[in-house]
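Trainee: Please build the complete structure, drawing on both the sequences and the hints.
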Amino acid sequence: MKLYANHLTVRVGAKALIADVSLTVTPGEILAVVGPNGAGKSTVLKVLAGEIGTHGGSVTVGKQELSTWRKRDLARVRAVLPQRSSLSFGFAAREVVLMGRTPHLKGGETYEDHRIVDDAMQLTRTEHLADRTYTTLSGGEQQRVQLARVLAQIWEGDAPRYLLLDEPTNNLDLSHQHSTLAIARQFTRRGVGVLAILHDLNLAAQYADSIVVLKDGAVLAEGTPSSVLTPETIGKTYNIPVIVQQHPQMDCPLIVPLPSPTFELET
Amino acid sequence: MASTSKREGLRFQDEAPVTFQTLRTTLTLPLLAVSLVIVVLLGVGIGAVEITPTQVVGILLDEFGVETDIAFEERQRAVLMVIRLPRVVMGILIGGSLAVSGAAIQGMFRNPLADPGLIGISSGAALAAALMIVFRETLLSGVVGMFGDWALPVAAFIGGVLTTVVIYHLASVGGRTQVATMLLSGIAVNAMAGAGIGMMVFIATEDQLRDITFWSLGSLGRSSWQTVRVMLPFLALAMIPVPFLARSLNAMLLGEAEAGHLGINVERVKTVVVVMVALAVGAGVAVTGIIGFVGLIVPHLMRMFTGPDHRVVLPGSLLLGATLLVGADLVARTIVVPAELPIGIVTALVGGPFFLYLLLRDRTIGNLL
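Chains A and B supply the protein sequences, listed in that same order. Counting with the numbering used here, you get residues 97 to 363 for the letters of the first sequence. Counting with the numbering used here, you get residues 13 to 381 for the letters of the second sequence.
FYI, nobody ran anything at the bench for these hints, they're computed from the structure. Beta carbons are placed, not taken as given, at the ideal position from N, Cα and C, and that holds for glycine. Some hints could be false.
The calculated label-pair distances, taken between Cβ atoms and stated as ranges, are [stated by the list, open to error]:
{"no.": "1", "chain 1": "A", "residue 1": "352", "chain 2": "B", "residue 2": "279", "range": "45 to 51 Å"}
{"no.": "2", "chain 1": "A", "residue 1": "255", "chain 2": "B", "residue 2": "39", "range": "55 to 61 Å"}
{"no.": "3", "chain 1": "B", "residue 1": "38", "chain 2": "A", "residue 2": "274", "range": "40 to 46 Å"}
Mentor: This is the structure in structure tokens:
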């Protein structure tokens, strides 16, 4: 009962954005997708979310092929946090979070829906923003309200459920970056499978159960953080030298970038 | 994980929290309904023949066979039943449906400045009407033979629907509608329709010119029970999906992809909105010509009063649009007695400056274009 991406290929014209990408999101685990800009991370997420079609390969959620799911049924078990949101109408932050309950509503919102919204806002530390107009919030505050919205969408219900996060730590300060991934971790204990696109390798190392490294639209490496985050793989992926140490307190690797001669312009 | 929100005390089991916002929202719709009733009573009462609200009630009851003590003259009955009431009813129908169409299309485009006129529906309908007026006795005489007096409204309606279909297809790539392309196509269609109408004005005779002017400025002056009967099925059909659209349009304000992730069938919502707007605006233009700004201003006012939730904005626009258009028509036919101003001039004179005021007051709206 996992979320499988099998041999996905997406082309624009002759150029392949992703080629033969396979990955598995397992309920109860966090899968981090890392890789340089333009590696195809967001394309993979869009295919998994059903936003774009493929030129090859398939996605299965649970027992069913993605395209055979009824939209509403799928929305009850799978939420997607976009990289940025284009909401430009003046809803109160709380109303935005309440929209996460849309696929569960039969008629009006119930007390239960409001309780879930309150809890989701408490968890994302956005309670104090509840009555603020969304458009007046800062980028990071908006991002946390959107997180509360997708959490409210899959707050409870039948496992397995899935959470797809496209750069969830964008715009967030250090503390909120960690609290966001800690929340994702907390949700895995409720039977949620999480896929998160991350840029910070140390965040991936600390929170992910497994990591997929994408480069030029293909999977370069995959496995546990300690098996994937080696100086060789990171060097090949990002063209930057790093030292990988054991984290002083946690059981995970710690990546320390080194100065790279290629960054210095010849004069 | 129970919440300890301060609002808890105001909350009842299984009910939404009671806040100032919800209170204002609950009060808005009844208040709008009351103001519509008031403006309707004024609209049917004021004019060369005065009819008091009491007399209006008396005449209406009498029409349904209920005897009352209220005294009125036969002349008042004739004016009310034959002239004013169909005109006011038409104002309600057109104003309400234009405003709801505007609200729906603004939601769909996620742009508070969108308007049925903006994507070319109104001008497509007006161009068809102009063609019909000029070529009535020559090229299009066959159509006149088929529809008789209805040829003109039918042409306008078909023009509106055709424009909508063309724009929708121009903007659809692989089953998805690109909003930016749709808006730009609308601008192009507006320019072409404008050129076509200009051409018709150029070759029109004196009489035809007067007719074309009527269409491009709009008037409720041709309303009768017969036109109301023809309009009603179109507008009723257009309004049927409205209650089911609100939640979907709310979700679509987050973005089309996000609405899809929330389980909304985005493509179906867009198709429904486009068909609904084509029906409402096409039928509206067919009978009354182009009446601008109602579809733009009314949803805007509703959002200022109650926030952007379509569950309030849609029904509120229906009531407020009806109220404003009946009011505008009252002004149009009483301000330069015994002549009558085209209502499009009144709505543009009031709507234009008001819209500028909105833009200047809140410049962020300008950033959305």
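Trainee: Against this structure, judge whether each hint is valid.
Mentor: Hints versus structure:
For residue 352 of chain A and residue 279 of chain B, the Cβ-Cβ distance of about 49 Å falls inside the hinted range of 45 to 51 Å, so the restraint holds. Taken as a hint, the range 55 to 61 Å is violated for the pair residue 255 of chain A and residue 39 of chain B, whose Cβ atoms sit roughly 43 Å apart. Range check, residue 38 of chain B to residue 274 of chain A: Cβ separation about 42 Å, and the 40 to 46 Å hint holds.
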